[in-house]
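Could you slot chain B onto chain A? The hints should help.
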Amino acid sequence: MIEMIRAELFKLRKRRMTWILLIILAAFFCLMFFATYGITSSPPDRMPGEAVDAIRASLQFPDAFNMIFSTAGAIGTLLLIILVASSIGNEYGWGTVRQVLTRRGIRYYFVISKLVSFIIIAVIGLLISVVIGFILALITSNLIGSINWDFMTASYIGGLFEKFGWTLFSLLPYILMAAFFAFLGRSAIAGIGGGLGFYFIEAIAVGIFNQAGGWLAKIPDYLIGPNVDALMPSSLFTQGPFASAGTLPSTLNASLTLVVYCVVFIVISLYMFKKRDVTA
Amino acid sequence: MEKNGDLVVQTEHLTKCFGKLVAVDDLNLEVRKGEVFGFLGPNGAGKSTTMGMMLGLISPTSGTVELFGMNIQNYLPKILQRIGAVTESTGFYPYLSGKDNLDYIARITGGISSSRIEEVLKLVELSDREKDKFSNYSLGMKQRLAIACALLNDPEFIVLDEPTNGLDPAGMKEIRELIIRLGQEGKTIFLNSHLLHEVEQVCRRVAIIKQGKVITQGLVKDLMKKEDILQIKVNEPERAMTVLKNIDWITSIVREDDKLLIGVKAEKYAEISSVLAKESIFVTEMRAKEDTLEEFFLEMTEERIND
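As they're listed, the protein sequences go chains A and B.
Taking this note's numbering as reference, the numbering of the first sequence is continuous, increasing by one, and the terminal residue is 290.
Taking this note's numbering as reference, the numbering of the second sequence is continuous, increasing by one, and the terminal residue is 318.
Chain B extracted, bound-state conformation:
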């Protein structure tokens, strides 16, 4: 039944159409055990539909989703026992207290003790408000309850859809730290977030989806590495620009405050230092330019729009 023990999620040619709209188009994803995986994309890109298919809420039009090596269509109940999910709408009963909501979920899940409910409420710091009605919770408290709910069954795989929505900076930091901690505990996390700074800090790998298609995926550090752009700091930037402009293997040169961004192949980095030194211009800092994930995301998605 369980095929590849290392893969927690594997989608193959996953496609979902709503009438004529292709929400997810031939999606191939792999999430490995113990990985914190970021799933990014603009609104309407197909992220929630993909998550819906992973959780058995939406049937694929074609293709397959396997979790823990088991096909979701055949083994959904078994798979769900190993999953915790925070879905887009937090999904609690407004007339029940936070604790009663978790109690209800624990009853339908089965095998969850009342001490575990107390434990997760404590973890998300809602113990002192556990008897308040869910309708009286702030947005941040609702999100924290959703995370507590996702952790109830101590899942191996956690799906988080915008978990920091509505949280203040301190709350966001707490959730970020919680995700990192869960990742360190060996849990596999699938994080859907618009907050790219968050994803950059907590995720090892990401996939970017646009109009239902994955346009890129890979390690965060690799994606952020800007190929062929060297960033240097020198004691005389004006003169350095003049010198470097005359070199034919430099494709571009831009000044950003006291830094110069030079378009050049990696193998020529040392030569730049040498050229400048001959002109008595001294390099104080030299490194390959890296994008932030946000810059990379915008570049990827906007590029495709312009196409």
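Extracted from the complex, chain A is given alone in its bound form:
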């Protein structure tokens, strides 16, 4: 199994798409930090002073860490959906799934090794995001004013690891969902379409449910997006166009709901892959 995971990582490392997505990630970070800095340096006249101050603070340490993790979570989700769906879907398109299965008869090895390698890629991607974000925040902090590192206590660093963990955890349902759709449709298009489609349609649906009120407003508590938001309450995106306007679920509700989604996606993917014939 370890060899299969290493082999998956070998393929992902050699694939140009992985590096292109990494460049997009870095470019998005630059855009977020510098565009936000642009807004704060010449804010629109009607923007209240407190709002400008809040945005400015998000570009400086220590608040910049929230910006880093929320940006990584948002763009990371989209990029990982594309990477995961392509990686699985193309196995069918290129016929490589046949090649692999005539080498290893245990089918769940294939699924598990893929999923584990995606999680490893997510960890690496998140680490790179933190490094890029940290460098950008150093620049914007210095552009806005000086940096006072007094906040960087041992407990604060521990809190950063915790944020890292929650951000990674919030990526998992989307990784597994993209994998599920790619296995279901046996194509990259199905995985990307299903994953991104769910991501955006869910955001719209959450808004509609919250507006409807009553028992309908309870439904978002059991969807993925609001629970991800609940684990990352400082996310800029909770206030953005895809914000879930209602009350966010509790951390316990969010954790359990996301775990259930992860388990369901894994189990169905494994079952489908094990049971279905692999034809040409």
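Hint data in this document are derived by calculation from the structure and do not stem from the laboratory.
A hint or two may mislead.
Said to hold, decoys possible - Simulated restraints on C-beta separations: (1) A:W225 - B:G55: 49 to 57 Å; (2) A:M282 - B:G55: 22 to 30 Å; (3) B:Q84 - A:I12: 54 to 62 Å; (4) B:G177 - A:I145: 46 to 54 Å; (5) B:S125 - A:L170: 49 to 57 Å; (6) A:W225 - B:G30: 58 to 66 Å.
Bear in mind the structure is a predicted one, so any value in this text is a computation, not a measurement.
All C-beta atoms in this analysis are idealised placements derived from N, C-alpha and C, irrespective of residue type, glycine included.
Then chain B, alone, in the frame of chain A:
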């Protein structure tokens, strides 16, 4: 676990249905150790489905497949360690080089050294192009890489699905010679090919499948032997025809250039020579007529179509 050491493949009443379509119907096949076995059939006959079931890619609806005496459903991982396969789609990553593709397969297979990768690349003459991306390979190079991949784990049993697809005549000859050599080394080979001339040259036994059913199987030399047709060459074919037409135990007589094809039982061959000699017509060549495998294949498959 391993039952009959001599049998590498044994299918019993193997059946696969896709909905209402019966792709493979009650298939009984046996491939013996060290044999180069040809599996023939028109498109859509069920060849790839049969191979898919042998490799564990497709689950049978009913019946069993045993390889090396082990049931494929219970011992697939163990069985696959002893198999090398070239499947219909060559199945490599286009963004990886030929060598990286083999490296990947070696990693997931386990127990394959880098020197073995070099060895198989050399065997299929891809060493000088090993660093080129698979997407830049010609069809022939892709096929050769697939064969190299099938040989990576030095398998006892090799499944080849159309291995000469896309190869030029020289490439086809190379692969043909490679198959013969592998057969001589004691490897068991299951060859699926449309190129009947190829099969005729390399296979000892063949099975012909049509609409999911095996319509015939046996030794190539036996299948090609046309029963009751004698082919002779004589010094005066016109006169010989006239003489032979009057004999009641001759069922048919056809002239093909300087040859006569005579419908007659084998025990009467000597008598024909005697009859002609009495008329001062001399036989210069006499042998039982043999079909090419292609003729036999067409006869078998078309006959069933006409039925």
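Okay, the hints, checked on the actual structure:
no.: 1; hint: A:W225 - B:G55: 49 to 57 Å; in the structure: 54 Å, holds
no.: 2; hint: A:M282 - B:G55: 22 to 30 Å; in the structure: 26 Å, holds
no.: 3; hint: B:Q84 - A:I12: 54 to 62 Å; in the structure: 26 Å, violated
no.: 4; hint: B:G177 - A:I145: 46 to 54 Å; in the structure: 51 Å, holds
no.: 5; hint: B:S125 - A:L170: 49 to 57 Å; in the structure: 42 Å, violated
no.: 6; hint: A:W225 - B:G30: 58 to 66 Å; in the structure: 42 Å, violated
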